[in-house]
Every structure is written in C-alpha cells, then in structure tokens.
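Asker: Here is what each chain is made of, one letter per residue.
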Amino acid sequence: MDRGRIHSLNPILVIGLIMNTMVGVNLLGLAHHASKMGYNLWWSPILLGCIVSLTLIPMMALCRRYPEDNLFRIHEKLLGKWLGRCFNILIIVYAILNVSTAHEGYVRLVQTSMLSNQTVTLPLLGLTLVMVYITNGGIKLIARFCLLTFFFTGWMIFLLQYGFQKGGMTHIFPLFHTDWRSIAETVHNSYASMLGYELVLFFYPYIQDKNKAHKHVLIGVWIVVLLYVMILLTSVSYFSEWQMDNLIYPILNLFKAVELSFLERIENLGIGLWVFLILSTSTGYLWVARTGLEEMAEKTRLWHLLVPTIISFLFIVGPLSVERQRYIYDKVTVYMAYGLILWPIFLLVLHSLRFGRGERVS
Amino acid sequence: MKRASWFIAAVVLLLCLCGCGREIERPSLEDMAMIGVMGFDYVDREKIDVTVSVPVPARNKETTQVYSTHASMTSEAMLNLATKAERTMSLSQLRVILFSEEYARKAGIGKVILDLYRNPIVGENVYIAVVKGTAKDVIKGTYNHRPEINTYLNNLLRPRVETAFSSFATIHDFVFMMTSNTMDPTLPYLIHSNGEIQIFKVALFRVDRMIGLYSQREGKLVQGFLGRERLPRMSFEFQHETKTGKKQTEKIVFDFVRAQTKVRSKGSLKKPVISIDLRVRGMLVGYSGNKDLEKRSQLRTLVQELETRIKKESMKMLVRFQKQGVDPAQLEESIRQKYDGKWTRETGLALYKKARINVKVHLEIVGFGTLK
Amino acid sequence: MQNVDDLSSLSLKMNDEEVHVFFLDTLVDVSQIYQTVFLPLQRSDGREPLQVLPFAQECQLDDMETLMSNLLRGHTILFFLERNLILHVNTFQVPHRSITKSETEATVLGPQDSFVEMLEINLSLLRRRLATPHLKVSSYTIGTQAQNKVAVIYLDNIANAENVERVKKRIDNVIYHGFVGMPVLKQMLEDKPYSPFPQFGLTGRPDNATAALLDGRIVIMLNGSPDAAICPTSFLEMFSSPEDFYNRWSTASLLRMIRFFGLFITIMLTSSYVSVLTYHPEMLPPALLTILTESRSRVPFPPVIEVLIIELVIEILREAGIRMPTKIGQTIGIVGGIVIGTASVQAGLASNILIVLVSVSALLSFVPPNFLMSNAIRLVRYGFILMAGVLGMYGQMLALAFLFGHLLNLTSLGTPYMAPGVPRQWTDLMNSLIRAPLRFIVNRNRMSRAKQKHVRPFGED
Numbered sequence: 000m001d002r003g004r005i006h007s008l009n010p011i012l013v014i015g016l017i018m019n020t021m022v023g024v025n026l027l028g029l030a031h032h033a034s035k036m037g038y039n040l041w042w043s044p045i046l047l048g049c050i051v052s053l054t055l056i057p058m059m060a061l062c063r064r065y066p067e068d069n070l071f072r073i074h075e076k077l078l079g080k081w082l083g084r085c086f087n088i089l090i091i092v093y094a095i096l097n098v099s100t101a102h103e104g105y106v107r108l109v110q111t112s113m114l115s116n117q118t119v120t121l122p123l124l125g126l127t128l129v130m131v132y133i134t135n136g137g138i139k140l141i142a143r144f145c146l147l148t149f150f151f152t153g154w155m156i157f158l159l160q161y162g163f164q165k166g167g168m169t170h171i172f173p174l175f176h177t178d179w180r181s182i183a184e185t186v187h188n189s190y191a192s193m194l195g196y197e198l199v200l201f202f203y204p205y206i207q208d209k210n211k212a213h214k215h216v217l218i219g220v221w222i223v224v225l226l227y228v229m230i231l232l233t234s235v236s237y238f239s240e241w242q243m244d245n246l247i248y249p250i251l252n253l254f255k256a257v258e259l260s261f262l263e264r265i266e267n268l269g270i271g272l273w274v275f276l277i278l279s280t281s282t283g284y285l286w287v288a289r290t291g292l293e294e295m296a297e298k299t300r301l302w303h304l305l306v307p308t309i310i311s312f313l314f315i316v317g318p319l320s321v322e323r324q325r326y327i328y329d330k331v332t333v334y335m336a337y338g339l340i341l342w343p344i345f346l347l348v349l350h351s352l353r354f355g356r357g358e359r360v361s
Numbered sequence: 000m001k002r003a004s005w006f007i008a009a010v011v012l013l014l015c016l017c018g019c020g021r022e023i024e025r026p027s028l029e030d031m032a033m034i035g036v037m038g039f040d041y042v043d044r045e046k047i048d049v050t051v052s053v054p055v056p057a058r059n060k061e062t063t064q065v066y067s068t069h070a071s072m073t074s075e076a077m078l079n080l081a082t083k084a085e086r087t088m089s090l091s092q093l094r095v096i097l098f099s100e101e102y103a104r105k106a107g108i109g110k111v112i113l114d115l116y117r118n119p120i121v122g123e124n125v126y127i128a129v130v131k132g133t134a135k136d137v138i139k140g141t142y143n144h145r146p147e148i149n150t151y152l153n154n155l156l157r158p159r160v161e162t163a164f165s166s167f168a169t170i171h172d173f174v175f176m177m178t179s180n181t182m183d184p185t186l187p188y189l190i191h192s193n194g195e196i197q198i199f200k201v202a203l204f205r206v207d208r209m210i211g212l213y214s215q216r217e218g219k220l221v222q223g224f225l226g227r228e229r230l231p232r233m234s235f236e237f238q239h240e241t242k243t244g245k246k247q248t249e250k251i252v253f254d255f256v257r258a259q260t261k262v263r264s265k266g267s268l269k270k271p272v273i274s275i276d277l278r279v280r281g282m283l284v285g286y287s288g289n290k291d292l293e294k295r296s297q298l299r300t301l302v303q304e305l306e307t308r309i310k311k312e313s314m315k316m317l318v319r320f321q322k323q324g325v326d327p328a329q330l331e332e333s334i335r336q337k338y339d340g341k342w343t344r345e346t347g348l349a350l351y352k353k354a355r356i357n358v359k360v361h362l363e364i365v366g367f368g369t370l371k
Numbered sequence: 000m001q002n003v004d005d006l007s008s009l010s011l012k013m014n015d016e017e018v019h020v021f022f023l024d025t026l027v028d029v030s031q032i033y034q035t036v037f038l039p040l041q042r043s044d045g046r047e048p049l050q051v052l053p054f055a056q057e058c059q060l061d062d063m064e065t066l067m068s069n070l071l072r073g074h075t076i077l078f079f080l081e082r083n084l085i086l087h088v089n090t091f092q093v094p095h096r097s098i099t100k101s102e103t104e105a106t107v108l109g110p111q112d113s114f115v116e117m118l119e120i121n122l123s124l125l126r127r128r129l130a131t132p133h134l135k136v137s138s139y140t141i142g143t144q145a146q147n148k149v150a151v152i153y154l155d156n157i158a159n160a161e162n163v164e165r166v167k168k169r170i171d172n173v174i175y176h177g178f179v180g181m182p183v184l185k186q187m188l189e190d191k192p193y194s195p196f197p198q199f200g201l202t203g204r205p206d207n208a209t210a211a212l213l214d215g216r217i218v219i220m221l222n223g224s225p226d227a228a229i230c231p232t233s234f235l236e237m238f239s240s241p242e243d244f245y246n247r248w249s250t251a252s253l254l255r256m257i258r259f260f261g262l263f264i265t266i267m268l269t270s271s272y273v274s275v276l277t278y279h280p281e282m283l284p285p286a287l288l289t290i291l292t293e294s295r296s297r298v299p300f301p302p303v304i305e306v307l308i309i310e311l312v313i314e315i316l317r318e319a320g321i322r323m324p325t326k327i328g329q330t331i332g333i334v335g336g337i338v339i340g341t342a343s344v345q346a347g348l349a350s351n352i353l354i355v356l357v358s359v360s361a362l363l364s365f366v367p368p369n370f371l372m373s374n375a376i377r378l379v380r381y382g383f384i385l386m387a388g389v390l391g392m393y394g395q396m397l398a399l400a401f402l403f404g405h406l407l408n409l410t411s412l413g414t415p416y417m418a419p420g421v422p423r424q425w426t427d428l429m430n431s432l433i434r435a436p437l438r439f440i441v442n443r444n445r446m447s448r449a450k451q452k453h454v455r456p457f458g459e460d
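Residue numbers (numbering that gives the first Met the number 0), protein chains in the order written: chain C, 0 to 361; chain A, 0 to 371; chain H, 0 to 460.
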C-alpha cells in the first residue's frame with residue numbers, strides 16, 4: 000500500500016503542511032493579540048516572519064546533519080538514551096498541550112457562537128474522533144489533508160473584501176508610529192499564531208527533496224505571513240483600535256460583515272469550515288506525540304495514538320478549571336515552544352563538540 | 000475482527016448520540032419568536048422601556064406581536080420578555096434597533112449597543128436609528144398599505160442612494176464611530192406621523208449621547224466628505240438678474256454619478272490646514288432656466304456657479320461644525336494620519352478647532368438629459 | 000457420475016471398434032456433435048482416430064481430474080476401449096444473450112454495445128477495438144466450487160508492470176467458493192473493503208473499458224458477468240462518463256462540473272436544512288425566513304426526524320420502482336412522488352420546502368454515472384443529516400472533514416484515490432473537473448503510471 004514509502008512528502012505537500020499547521024486557532028484572535036501596536040499591527044506578521052526565518056536556520060542545519068532522523072532520534076543519539084528520553088517526554092507533553100490548545104480555543108468559540116446552550120463535550124468528542132482517524136493515516140495523510148484544507152478554506156480570503164470595502168485604508172497612517180516596548184509585547188502575544196513550523200524537525204526525514212526543503216518551508220511560512228498581513232490590513236481598515244483591543248475573535252466579526260442576498264450570517268459557515276484548519280494543526284501535533292511514543296517503545300501500536308488523544312481530551316473536559324487551563328495554554332505552551340525553537344542551537348553546538356562541524360550522521 | 004469491533008463501537012456511539020434526544024428536541028424555527036425590531040425608551044436614569052416586535056408568519060396575512068417591559072439592561076429585558084411570550088425569544092433575526100430621542104439625549108445609547116455587540120447571536124448588520132417621540136409608538140403604530148413593521152423598518156433603513164444623506168449605521172458602524180477617536184457618530188433620525196415613517200434628519204452624537212441634528216442637505220455633503228461615492232440628488236436654486244432687470248430663478252437638480260473626496264491636512268500641528276478636494280461627476284436631471292446647455296461657454300458658467308455654490312455651502316456648514324466642536328465628517332482622521340504621539344479625542348478636537356479648512360470643488364457635468 | 004441427468008452417453012462403432020461417447024447435452028449443440036464427431040467417425044474408413052478427428056486431443060488415462068473438468072466445460076469425451084485411448088473434442092456451444100444497449104450507462108452518442116455474460120464474447124468486443132498484439136489477456140480459474148474463469152486484460156506496452164503484478168497477486172490470493180458476478184469479486188480485490196466507496200471502476204461498456212486500457216489501466220473480467228472492473232481508478236473518474244469525450248469539450252466540462260458539485264449539494268442540502276432550522280435560524284434572509292416558518296408551522300416533528308422520514312420515503316420509492324415491472328413501476332413513481340409529496344405537505348407532516356430540497360438532492364444523487372458511487376453518496380448523506388441534527392453546521396463540517404479524511408486515506412490498487420486533486424498533477428487536471436479540448440490532453444493519466452507517458456508525440460500540429 001501507499002504507506003510503506005518513507006520519503007513521501009513532495010514539495011507541495013511540504014508547503015501545505017507548513018502552512019496549515021501554522022494557521023489554526025490563533026488566527027481567530029490574531030488582531031486581538033497584536034492590538035498593543037494599535038493600527039500599526041498590520042506589519043507585525045512580517046516581523047514575526049523574519050524571526051521565524053531566523054530560527055529556521057539552526058533547525059534546518061540540524062536536520063541536514065541528521066537527514067534520516069527526527070528530533071526524538073537525534074536526542075537519543077546526541078544526549079544518550081536516558082537524557083534523550085527525558086527530553087522526548089517533554090516534547091510529547093508539548094505536542095499534547097498544543098493539541099489541547101487548538102481544540103480548546105476552537106471548541107469554546109463554537110460553543111459561544113454556534114451552539115449556545117450546549118456543553119463542549121459533544122463537539123469536542125467529534126473533533127477528537129476525526130483527528131484520531133486522520134492521524135492514524137500517517138504523516139502523508141496529514142499532509143494531504145492540509146493541502147485539501149487549503150482548497151477548502153483558501154477561498155474565504157475573498158470574503159475579506161466585504162470588510163475591506165466598508166473600512167478606510169487611511170488607518171494605516173502614520174506608519175511605524177510605535178515603540179519598542181509594544182512591538183516586543185505584540186511579538187510575544189502573537190507568536191503563538193506562527194507556531195507549527197517547528198514540526199519540520201519531526202517530519203524532515205519524510206521529505207523527498209531534502210536539498211530544497213529549507214526553501215519550501217520558507218515559502219510556506221511567507222505565504223502564511225502574506226495571509227496574516229492581508230487579514231490584519233482588513234482588520235485595521237474595518238475596526239477601530241478600541242474594537243481590536245476588545246474583541247476576542249475579530250475574525251468572527253469580519254465574517255459577520257459579509258452580506259449575501261441568499262444567505263446571511265456567513266460566520267456560521269466560516270467558523271464551521273475552520274474545523275479543517277484546526278484539524279490540520281492538531282493532527283500534526285498528535286502525530287508528533289505518537290511518533291515520540293513509538294520511538295520510545297520502538298514499535299507501532301494503536302495505543303500510542305490513543306493515549307495522547309485521551310490525555311488531550313481529558314485535559315479540556317477534565318477536572319482542571321478553565322482559568323488554570325487558559326494559563327497553561329497561553330503561558331506554558333508558548334514558553335515550551337520558545338524552548339523548542341531555540342533548542343536546535345544547543346543541539347548544534349553539542350553536535351559540533353561531539354562529531355565536528357558539518358558532518359552528516361545517518 | 001479488530002476493525003469490525005471498531006466499527007461496531009462507532010455505530011453504538013453514534014446511536015447513543017442520537018438517543019440523547021435532548022439535543023434534537025431543541026426549539027426549532029417555528030418554536031422561536033424571532034425579534035425583528037427592538038425599541039428603547041427612557042424611563043429614568045436606571046430603567047429602560049424595552050419594546051420588541053416579533054413577526055408571526057401566517058398563510059395570508061402577516062401579523063406582529065409586540066411585547067414590552069422595563070429593565071435596566073438588554074439581557075435583563077430579554078429575561079423578562081421570555082416569560083411573556085409563548086415561544087422562545089431569540090435575538091438571532093434582530094434587524095433594527097430604535098432609540099427614542101429622549102433616551103439618546105439623556106442616557107446615552109452606548110451601554111445598550113455594547114450589550115448587544117457582545118452577544119454573538121446578534122448579527123453585525125443591525126441598523127440603528129433614533130426616533131422622535133417614543134420608539135414604542137413607532138413599533139406599535141399601524142401603517143397602511145405597508146408590509147408589517149419588521150420588514151418595513153428594515154427596508155426603510157437599508158442603504159439606498161435616495162437616503163444616503165444619513166450614515167445607515169449598523170451596530171458595528173456605530174461602535175466603530177463611537178470608538179474611532181476621530182469622529183462624532185451620526186445616526187438617521189426618524190419621524191413618525193400620519194401612518195408614515197420618514198428619515199427626516201441626521202442625529203449627531205458625542206460618543207454615545209445625542210447632541211443635535213443636522214439637515215438632509217448637510218448630511219449629503221457630510222457623506223461626500225466621508226468618502227461615499229454615490230450621493231443622493233441635490234437641488235440648487237440660483238437667482239439671476241436678466242439684462243432687462245427682471246429677476247429670474249434658475250433651478251437645477253443635480254444627480255451625482257460619482258463623487259470622490261480627498262481630505263489632506265497640511266501645515267504644522269500648531270496651525271493645521273485641512274484641505275478638502277471634492278471631485279464630482281454628475282448629470283442634470285432637472286433644469287429650469289434659459290441657458291443653452293449645448294453651448295460650452297454657458298455650460299461652463301453653470302458649472303462654475305454650481306462649484307461655488309457647493310463650496311460656499313460646505314464651507315458654511317464646516318465652519319459651523321467647527322465652532323460647535325463637532326466633527327461628523329471625520330476630518331480629524333486627516334490630522335491623525337500626520338500626528339506623532341499619543342492620539343486622543345481631546346487632542347483631535349483641539350487641533351480640529353484650530354484648523355483652517357479649504358474646500359476645493361471640481362464639478363463635471365456628463366449629461367443633461369435629451370433636451371437641450 | 001451419479002444424478003447428473005444431462006450426461007449423455009452412447010456407444011457407436013468405428014471400424015468395428017466400439018467407442019463410448021460422453022458429453023453434457025446442456026453444454027453442447029447435439030447437431031454440432033453429429034457434424035463434427037459422429038459423421039467423421041462413421042466415415043473413418045480404417046484411419047486412425049486422431050487423423051479422423053484432427054481437433055481432438057489425447058488425454059492421459061489416469062488423469063481423471065482433467066477429464067472431468069473438460070467434460071464440465073462442454074467437451075465431448077471419446078473412449079476407445081480396445082486401443083486404450085481417450086480423446087476429447089471441444090464441442091462447447093450454448094445459447095447466449097445477444098449484445099444489447101447498455102441499460103445502466105446509457106449514452107446518447109457513441110457506441111451502444113455492451114458486455115454480455117460470456118467472457119469470450121466480451122474479449123472479442125475488446126479485441127475488435129484494440130487490434131494490437133500488446134493486448135494481453137491472462138486467465139485464471141478461481142472459486143473452489145464454481146471454477147470461475149477470470150481474465151486480466153492490459154496493454155503490456157502501456158500498463159504499469161507493478162500494477163499488473165499486484166492485480167495478479169491479489170487474484171491468486173482470493174479463496175472463495177464461487178463468484179456470481181464481477182461486483183462480488185471486485186469487493187475482494189479492493190484495497191479497503193470496509194469503505195462505502197467503490198475503489199475500482201465498474202463498467203458494462205466496451206468503449207469505457209477500451210479507453211481505460213489505452214490509458215494504461217487494467218481491466219478484470221469474470222466469465223458470467225457483464226461488467227468489467229477497471230483499476231486503478233480515482234474518485235474524480237467516478238464522475239466522468241464516456242460521453243464526455245463524445246461531446247464537445249465545453250459541454251462536457253459543464254456536465255462534469257454539475258456532476259461533481261452535485262455531490263456537494265446532495266450531501267449538504269438536506270443536512271443544511273436541518274442545521275439552519277435547528278441551530279442557525281439567523282442565517283436565513285427575511286424573505287426565506289417567512290416562507291420557511293410558515294411551511295414548518297404545522298409540522299409536528301423536529302427537523303431531523305422530518306428530513307429522515309422524507310428521505311426514507313424517497314429511498315423506498317426508488318427501491319420499489321426498481322423491483323416493480325416497468326409499467327407499474329412508472330405509475331408507482333408518479334403516484335408515490337406526487338401523491339405522497341402533496342398529501343404529506345397538506346397533512347402537515349412535512350414542509351413543502353423540504354419536499355423540494357429532498358427531491359433535488361435525490362435527483363442529484365443519481366447524477367454520477369457510477370451506480371456504486373451514487374449509492375455510497377446516498378448513504379453518506381444520512382451521516383450528514385444526523386451530524387447536522389446533533390451539532391448543526393459545525394457537525395456538518397466535521398462530517399465533511401471526516402469524509403475527506405477518509406477519501407484521502409483510500410487507495411485504488413495502491414494509488415491515491417483523490418488523485419489528481421490532492422496529490423495533484425497539473426497535467427491531469429485537464430481531464431478531471433473539466434474536460435479540456437483533446438489538443439491539451441497530451442499525457443496519460445498520471446495515476447495509471449503508464450510506461451508511455453504521452454498519448455501522442457509532441458510537436459504535432
């Protein structure tokens with residue numbers, strides 16, 4: 000069957016995978032998270048894109064040195080079995096947390112905007128089951144699903160024109176009128192919306208064209224940046240600063256601006272279709288958690304998939320209070336992500352100490 | 000076997016979900032009372048008189064149910080109303096919000112609007128208007144030969160070129176205007192008389208309190224400055240003295256095909272200059288005068304007369320606004336674009352009051368009908 | 000052989016030597032036996048039996064099994080007792096259905112013949128169209144009891160050798176007592192037997208099969224079944240009909256798009272009715288809202304139940320229409336459709352808007368030319384309706400995500416089912432949702448992984 004081949008990701012799939020793991024629940028609140036910069040927030044994704052591109056350099060350098068290994072195996076090779084496994088567990092926890100973050104944010108939005116007077120359990124259960132099904136198909140199915148997601152949700156960009164027409168482009172002036180403090184805060188608050196590209200550390204072994212992988216990942220990242228800039232420009236012209244600061248889901252309100260003669264309140268459709276974006280993010284992370292468990296157990300079992308799923312499910316509907324959950328999603332996950340993104344630098348140093356520079360280990 | 004057991008498990012799960020029944024027996028469309036119009040009237044500083052109208056669909060004749068209650072918040076009012084209605088009240092089809100002038104002047108409409116803006120069930124495209132008298136009377140009124148009140152009001156407030164002198168504010172627009180820090184919100188002002196509702200004037204707000212009114216004619220110019228491309232027709236009247244010394248009136252009805260405005264500010268922030276460049280193309284739809292419109296020189300005189308007239312009128316209006324310290328035309332936005340530092344409404348208004356305003360009108364007549 | 004009443008045995012004399020003759024008279028034409036066997040034997044004039052019967056083959060004396068199977072295939076067995084010689088002559092001759100128009104895949108233009116129940120005739124239909132020595136037919140006998148004959152047909156200069164091997168291997172691995180039709184065998188050869196979606200194409204039209212062969216696909220046929228399975232196939236191909244190539248390209252493209260988007264409409268239409276009425280009444284524009292509320296006002300069921308009832312009624316009508324004799328069937332269709340529809344609206348059991356929606360979606364579900372696909376879509380629709388009833392628009396989208404996750408996961412003979420959509424291939428898009436002018440269809444479909452990539456040489460005017 001189709002799953003046997005290991006180098007299964009062609010360039011388009013790599014771009015699609017990167018794009019759709021990045022775009023997810025955080026886009027819903029992007030304009031809100033970045034609102035510290037006022038009307039200048041529209042160029043903040045470019046800044047974020049630059050940071051992402053910079054942090055990609057050590058990641059790809061590390062991957063090039065271990066073309067056939069994912070980060071879990073790199074850990075075991077560089078840090079030894081026990082220390083490596085400790086870090087692997089941390090990464091698995093991080094991946095599970097990310098699944099929960101994506102699901103929790105989205106399901107709460109669905110509950111408030113579409114299914115009022117229902118609990119989150121049922122929608123979440125459905126989401127989780129579909130996620131498990133897709134993840135069970137392996138990274139190739141996830142990548143294909145990401146590409147399909149692009150076709151299914153990409154057209155929604157055209158809906159932006161409704162918001163754009165109503166607003167005034169002049170809001171973007173005065174350009175670059177902001178200070179370092181708010182830039183730093185904005186970058187910190189909205190960096191979560193760029194997360195997802197670090198998954199390249201895990202699916203790199205499956206990429207077909209490894210020489211051009213860096214380029215393809217960058218293409219994916221900058222398409223996302225372009226997308227964010229378009230959405231934020233529309234937000235800037237449609238909303239006042241106060242609105243961006245106070246609306247939790249500005250995208251929801253942008254959807255509400257759409258007026259079609261045969262269908263009103265298109266946000267129900269839009270937020271519903273968003274499930275594709277959520278799934279393309281969460282399946283990626285769940286797959287990472289599964290691969291991690293498989294690497295540790297050194298065999299493939301279904302429970303490697305089910306255990307992280309159940310943990311992430313219980314995390315949301317379990318006994319944890321909503322505030323504590325929010326703290327974990329907004330703070331712990333993001334700091335762990337920072338750690339993971341900067342981690343390759345340390346590993347590269349360790350690699351050069353142990354094996355010398357530029358050597359490929361396979 | 001393994002797959003089969005999975006399949007069976009899935010089917011059982013699905014059956015369980017359907018068996019819930021509780022979810023399925025939600026009130027569906029016909030069990031809901033879809034509020035179409037909400038009206039808010041002033042009682043005292045704390046209490047609002049909330050009136051809602053619910054269309055009742057029937058085979059041939061549509062009827063409307065009207066409920067009203069006293070409450071301090073919209074959500075509280077909804078609670079009270081829910082106990083009065085035989086169906087489940089829902090705000091999901093809300094289309095028009097009416098405020099009485101008294102409420103808008105005394106209490107300010109911000110609290111109500113934000114309460115509805117927060118509610119995800121309420122759409123963005125809900126029109127807001129201020130009515131003379133009480134909103135309750137408007138909602139309860141009978142209007143002959145008109146569709147029932149919900150449809151009537153919704154259609155009336157829907158943006159059309161003919162009524163484009165007011166800003167057709169939806170919830171979103173009003174919140175935007177209220178919080179943009181560069182303008183004073185405006186809303187259409189309705190009067191209700193003899194079984195008719197008319198968009199009569201434009202109500203002017205400072206933040207969320209109504210402070211005044213301005214006329215339709217001024218409203219057209221304000222909308223032009225705000226950048227609306229299609230403006231309603233305007234009529235002009237010129238007094239001429241012919242060679243024989245007879246006084247003669249020349250009447251023109253001008254139809255704007257396309258208006259384009261550029262508002263720029265120049266000069267230092269101490270002495271700002273706002274220059275407005277209004278470019279209008281349009282057609283003469285009515286003309287009573289004795290100019291030969293086919294002659295270029297005479298047409299040009301007409302154009303010049305119109306240009307000076309529009310310029311004069313807008314200058315007069317803007318200076319009046321400036322003196323009153325109100326800015327419905329969002330002229331402050333041009334200053335904000337150049338302003339470096341923390342922008343607040345106070346700085347904006349201070350600069351606006353200081354500013355010198357230049358209006359430049361460029362008018363082009365693209366047609367004058369088929370009669371010369 | 001006991002209790003086989005159609006076994007005829009008689010003895011006759013040849014050169015004063017006794018010959019016993021056996022044959023199954025249900026599988027042979029007696030007059031033919033008389034012409035080809037009896038007459039030459041009687042006029043043998045002392046020649047050797049093999050000279051008299053040049054088409055006869057000698058059989059090993061101890062090989063009862065071959066003898067038996069030959070007898071069961073319509074051969075005539077001759078025992079020459081004194082010489083200790085057994086000969087068998089192929090005298091198989093049975094009446095068969097004549098080649099008629101295709102009922103299930105009817106087209107207006109193009110060839111009208113269709114496969115029949117005899118493998119030999121079907122093969123001849125293909126051979127006539129493909130006069131090339133590269134057309135290979137490998138035959139297998141499967142089915143432990145029935146001994147069905149299966150033919151794997153491909154063009155060996157075009158079809159991917161790996162694919163051919165896969166098919167052969169899968170056929171070798173099939174163990175079953177017997178096959179009554181190709182669809183049964185097809186289910187055993189497909190990649191994911193639990194999926195509701197057919198993963199091999201099924202056609203009764205020789206032109207369809209020929210086109211597939213030319214594209215490098217493999218066609219599997221079973222003796223006794225008037226259909227051919229085509230593999231590998233993709234999801235999109237289930238929505239194309241051979242008529243697309245007989246029509247002009249623009250018409251064909253329009254029709255293909257209607258078929259494909261019809262799929263989305265048919266799974267979304269009635270479920271949207273449920274979710275909008277139950278969860279999102281705000282999505283209705285005022286005019287539609289009035290009409291809907293009015294028509295729903297007397298219906299006693301919640302929307303989900305209402306939709307399920309009406310959908311099931313339509314399904315029953317369809318099923319009843321198939322079983323009934325043609326003349327009554329039409330009446331039932333009209334009576335059922337009009338009477339039940341109107342009456343249920345007037346009785347207040349269903350809203351008239353729903354009747355319109357259900358009939359439109361029922362019509363659309365019959366649009367795909369592939370019968371198995373249209374069945375699968377109708378099944379999937381119930382899933383969507385239930386999900387809409389439980390979770391509204393969100394449930395529908397979740398079901399859509401699951402559906403597409405499933406479709407992406409499917410393979411047909413190891414090639415992705417959603418090709419060329421999601422492992423995309425630009426050149427294949429020319430012949431997918433649209434049917435480009437033939438000038439632009441230069442490449443064979445990528446999913447057949449043909450040995451020769453191009454349909455014709457480049458640089459052609």
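Treat the hints loosely; a few may be bogus.
[Unchecked claim] Subject to a maximum C-alpha distance of 25 Å in a straight line, what follows is the list of computed SDA-like cross-link-like pairs (lysine to any residue): (1) A:Lys135 - A:Ser234; (2) C:Lys165 - A:Met72; (3) A:Lys265 - C:His176; (4) H:Lys135 - H:Leu118; (5) H:Lys452 - C:Gly167; (6) A:Lys337 - C:Ser7; (7) A:Lys261 - C:Ser7.
These are computed hints drawn from the structure, not numbers from a lab.
Asker: A separate judgement is required for each hint: does it hold in the structure or not?
Answerer: To see whether the hints hold, each was checked on the structure:
1. With a C-alpha separation of about 35 Å, the suggested pairing of Lys135 of chain A with Ser234 of chain A is violated against the 25 Å cut-off.
2. Of the pairs offered as hints, the one joining Lys165 of chain C and Met72 of chain A is violated, with about 30 Å between alpha carbons and a cut-off of 25 Å exceeded.
3. Note on Lys265 of chain A and His176 of chain C: the hinted pairing holds, with a Cα-Cα distance of about 18 Å set against a maximum of 25 Å.
4. For the suggested pair Lys135 of chain H and Leu118 of chain H, the alpha carbons sit about 14 Å apart, so the restraint of at most 25 Å is met.
5. Taken as a hint, the Lys452 of chain H and Gly167 of chain C pair is broken in the structure, with Cα atoms around 53 Å apart against an allowance of 25 Å.
6. With a C-alpha separation of about 54 Å, the suggested pairing of Lys337 of chain A with Ser7 of chain C is violated against the 25 Å cut-off.
7. A C-alpha spacing of about 55 Å is found between Lys261 of chain A and Ser7 of chain C, which places the hinted pair above 25 Å, so the restraint is violated.
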